[in-house]
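Trainee: Order-wise, the sequence lines are chains X, B and Y. Counted the way our numbering counts, the first sequence spans residues 1 to 350. Counted the way our numbering counts, the second sequence spans residues 1001 to 1350. Counted the way our numbering counts, the third sequence spans residues 2001 to 2350.
If you are wondering where the hints come from, they were derived from the structure by calculation, not from laboratory data. Since this is a predicted model, take the numbers as computed values, not measurements. Do not take every clue at face value.
What the hints assert, rightly or not - Distance condition first, Cα-Cα at most 20 Å in a straight line; then the derived DMTMM-like pairs of lysine to aspartate or glutamate: (1) B:Lys1227 <-> X:Glu235; (2) X:Lys318 <-> X:Glu186; (3) B:Lys1318 <-> X:Glu299; (4) Y:Lys2318 <-> B:Glu1299; (5) Y:Lys2318 <-> B:Glu1195; (6) X:Lys318 <-> Y:Glu2350; (7) B:Lys1231 <-> B:Glu1186; (8) Y:Lys2318 <-> X:Glu235; (9) Y:Lys2318 <-> Y:Glu2186; (10) X:Lys318 <-> B:Asp1302; (11) Y:Lys2227 <-> Y:Glu2198.
Claimed, not checked - Here are the in silico distance ranges between beta carbons for each label pair: (12) X:Lys90 <-> B:Asp1302: 45 to 55 Å; (13) X:Ala85 <-> Y:Ser2108: 53 to 63 Å; (14) X:Asn53 <-> Y:Gln2121: 50 to 60 Å.
To be verified - Which bits of chain Y does chain B cover? Going by a derived footprint, with three or more residues having C-beta under 8 Å, they are: (15) 2168–2174; (16) 2210–2220; (17) 2307–2319.
Built from N, CA and C at the ideal position, the CB exists for glycine as well.
As a plain string of letters, each chain reads:
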Amino acid sequence: MGIDPMDRRNFLGAAGGALLCTIGGQKVFQDKPTNVQKLAAGVKVPPKVAAANRNPGLTKAAAVTGNRKEYWIAAEQLRWNIIPANKNGKKRDQMLNQTIRKGKTTFSAYGYRPYTANWGQPLAQATIPGPLIDATVGDTVVVHFRNQVPVPVTMHPHGLFYSNEMDGAYKGYWTDPGGFVQPGREFTYVWECHEGTEGTWWYHDHGPIDPIGVYKGLFGPLLIRPKDEVKPDREFFIAFHSFLPPATGLTSGFDCVNGRSFTGNTPTFSANVGDDVAFHVYAVDDNFHTFHLHGHRWEEPDGTIVDNKTLGPGDSFKFRFIEENPGRWLYHCHVFSHLHNGMSGWYLVE
Amino acid sequence: MGIDPMDRRNFLGAAGGALLCTIGGQKVFQDKPTNVQKLAAGVKVPPKVAAANRNPGLTKAAAVTGNRKEYWIAAEQLRWNIIPANKNGKKRDQMLNQTIRKGKTTFSAYGYRPYTANWGQPLAQATIPGPLIDATVGDTVVVHFRNQVPVPVTMHPHGLFYSNEMDGAYKGYWTDPGGFVQPGREFTYVWECHEGTEGTWWYHDHGPIDPIGVYKGLFGPLLIRPKDEVKPDREFFIAFHSFLPPATGLTSGFDCVNGRSFTGNTPTFSANVGDDVAFHVYAVDDNFHTFHLHGHRWEEPDGTIVDNKTLGPGDSFKFRFIEENPGRWLYHCHVFSHLHNGMSGWYLVE
Amino acid sequence: MGIDPMDRRNFLGAAGGALLCTIGGQKVFQDKPTNVQKLAAGVKVPPKVAAANRNPGLTKAAAVTGNRKEYWIAAEQLRWNIIPANKNGKKRDQMLNQTIRKGKTTFSAYGYRPYTANWGQPLAQATIPGPLIDATVGDTVVVHFRNQVPVPVTMHPHGLFYSNEMDGAYKGYWTDPGGFVQPGREFTYVWECHEGTEGTWWYHDHGPIDPIGVYKGLFGPLLIRPKDEVKPDREFFIAFHSFLPPATGLTSGFDCVNGRSFTGNTPTFSANVGDDVAFHVYAVDDNFHTFHLHGHRWEEPDGTIVDNKTLGPGDSFKFRFIEENPGRWLYHCHVFSHLHNGMSGWYLVE
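Next comes chain X alone, as it looks inside the complex (with noise of 0.2 Å):
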């Protein structure tokens, strides 16, 4: 803590968070708007990604040895509302029966939107998060991505198996193509599930303008089943993060549940007594969250008994259990500022 108001004005610039990166040498701030696409431009070609753009035939594909699980998904604009209005044209919080006071809060986002093989058709909606991958150990995931935003951006699983050029992360002077997507180019990242990958994961963009894509709205799940797997009756994935100025260009800063803000907004999730039911849980921004389930609790892989479960950036959890109390259940992050700006919503068991 250290609050101490008599000390203010030694405060300034201590707590940890001005500078939230730099993009082409240019300082992003935490809480100000700033125009992402000008600063992409600053931001040079790796000398690798130039070579494959002048000889395409420089990128092998690589080598599917397991099951493959195929997916198009290409990265692309939407607007975004993160507080819809209810059909009486207001934004609510439901859990403390108010109407939400925040300004503005659509933005151009990014998301991830999934395409039938060969990009035959859009599947859904460009969201946030993106879609699902979903796979068991065993699997090879192959994810065609195409870039459909105006800067570059990338596709970075965690938990997977990959080999160094399928990383998806800009590396500098040392970025591999699938680091450095540009606008309207694809790149074809071959994943694998070995044993010892199971696991609740995500992907997130990891590219140059790291992190303001995965601000914008780039991330989703990515779940690693084992082989025996008995898939649960219901299967929730969740993630806390927060939208914030410098990438949504708003004045205000919002703690969200998979994009959304404030219950009744986020997901509402709904089981019925006797499911099996299974949450997967992640995080994805600068902050530290504690995830709570009330009339709930759940058996770590330690034998621990829990109903609140500290998580931090890039973490990620499941728990599983038999539905057995019927009722309105409020989710949500235990840190109460989080609570009350948003990350929070409804589990409806009947």
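Given the coordinates of chain X, assemble chains B and Y onto it according to the supplied hints.
Mentor: Chains B and Y alone, transformed into the frame defined by chain X:
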């Protein structure tokens, strides 16, 4: 970090914490005193609560299925001194052997106060934290709760099994009577210690002024013992929390252990060599902490040996060992700025 | 979050960090240079320390019960450059392939320096972090410590068994000589690697200028191997920490790995395919971090597979795997603002 005094002018508002919550539609800031009673007056009485007021017979007593463990607990106002003066009239930090200059340290707090059966007489003063709820798997905990503070407050438990009506949480329109206990009213919570609920937990206000109720002192420890537990010789319950200006009206924030700040004011725990000792630790505020105990270490349920452990808001854990190391030991949060703002204490072993 | 630039004027002082500590009764702020030597002069010499000064015979050497593992380590002043220029005279961030504009990056640091037996000659320069203390269960670690910096400092270990006198911590009136080693003086710490102390730990200053000693560089890794350990082929020790203005006198804060900031300056670790590789990670500052390693994942003691792990101040953990994935990989803190303020590095596998 991103600490850059050169960038000070850009920092304001960025780091995550100005706005603590809204109550009755009014914003509450982490560093500004506020009038909770006035804000609470702006919260509408939820329909199920109003109906129960009109017709108390509607609220049926929950069935008690296990061994009955019964408590009478009132929420009461109390004057609370975060740093009481010693017999020489000085407020001291024994860790640094210095006098504390923090201005006023006494405020109008809320605390849970235990009574004998049927409100016969107080068992103790209202305290921060509240009384231990001590149960065993198989028990049904029955808490007769009376609200004697001037705003609606509740008791919301972690870990236990409870039906939706026994949640003790404000849920806007859908709030049950137990989630909005008005001044002068009572509610009986029935919580069940099913198999799979054993652990170190805590309870706290989760009513319409959340989290100000917690920040004013409405929290306490809750323990569910395994059925076959051999009780330790010593059991210590440790809440890492803070007092903030909107809840205290004071101009300083305080990092605390069990309601007090700075070594010598926070609890001094004692044990003897050979004792079977259990520590129960939980975190109650908006910050993340690490619990560190000098001269000791413990085995985690996964077999790892640690002497320092991260815990976030709402988390709780315990550890247990046979004492073998005499001395004057410090326990503290290892976040240096928390440690040095009061979050530490003595553990004395003879 | 609670980020709301509309509310900027209310934010100052709220988020948790202005005041880092007090030394000699004077406040030290996280973002303001301070004069540590002057502050330390305001700290009274504790009575047991004064008595030992008057009569050195009072301090009895501790018994050594295990295999003796002996170190001679001095705390020394050194000029430390957080971002050394490359051969072209430029300070570079290889991750973003950009020149770093942070102003001055060299300061008057403190470091632990290893010597040969009986202070024969230095084994190396003083470094940040200090030398590895490498022991095995059953060993007794004996550290002959000499303070050559101008303020009282100490060595306080995590994980090991030590008697109260060997704690190395300032405890106000009750401070033992090992908790307040004055400039020019020596103290011999005796720490025991009992059964149940195996793990990855660290040591650090815990004297009267705590935590400024740590922020000036006084910390290092400490390893206690299980008795039957087959040593890995490669062992990497990684401290996530920061340098702050009150300790450096610089106008910027830096997020660091092992004393350096930004990829290419932080350690570049190397291994070969087939190597048995161990990573040891610990966190040393006021922030929470997550450790992420690209292209790899590991099994936690509870059987969970992770590639990203939360650690708070004082926490430490290790993981170990057989290397199978060649390439240029990033390791980094997944808190984006830490990553982009320097907390990342290369791991090269051939």
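Trainee: Are the hints correct? Go through all of them and say.
Mentor: Each hint tested on the structure:
1. B:Lys1227 <-> X:Glu235: Since the Cα atoms of B:Lys1227 and X:Glu235 sit roughly 33 Å apart, the hinted pair is violated (cutoff 20 Å).
2. X:Lys318 <-> X:Glu186: Status violated; Cα separation ~32 Å.
3. B:Lys1318 <-> X:Glu299: Status holds; Cα separation ~15 Å.
4. Y:Lys2318 <-> B:Glu1299: holds (16 Å)
5. Y:Lys2318 <-> B:Glu1195: violated (34 Å)
6. X:Lys318 <-> Y:Glu2350: violated (34 Å)
7. B:Lys1231 <-> B:Glu1186: violated (33 Å)
8. Y:Lys2318 <-> X:Glu235: violated (32 Å)
9. Y:Lys2318 <-> Y:Glu2186: Violated: Y:Lys2318 and Y:Glu2186 sit about 32 Å apart, past 20 Å.
10. X:Lys318 <-> B:Asp1302: Measuring from Cα to Cα gives roughly 17 Å; hence the hint holds.
11. Y:Lys2227 <-> Y:Glu2198: Since the Cα atoms of Y:Lys2227 and Y:Glu2198 sit roughly 9 Å apart, the hinted pair holds (cutoff 20 Å).
12. X:Lys90 <-> B:Asp1302: 45 to 55 Å: holds (48 Å)
13. X:Ala85 <-> Y:Ser2108: 53 to 63 Å: At 58 Å between Cβs, range holds.
14. X:Asn53 <-> Y:Gln2121: 50 to 60 Å: holds (57 Å)
15. 2168–2174: holds (count 6)
16. 2210–2220: Held - the region 2210–2220 of chain Y has 3 residues with a Cβ nearer than 8 Å to chain B, which meets the minimum of three.
17. 2307–2319: Holds: 8 residues of the region 2307–2319 of chain Y have a Cβ under 8 Å from chain B.
Of the numbered hints stated above, those contradicted by the structure are hints 1, 2, 5, 6, 7, 8 and 9, listed in ascending order.
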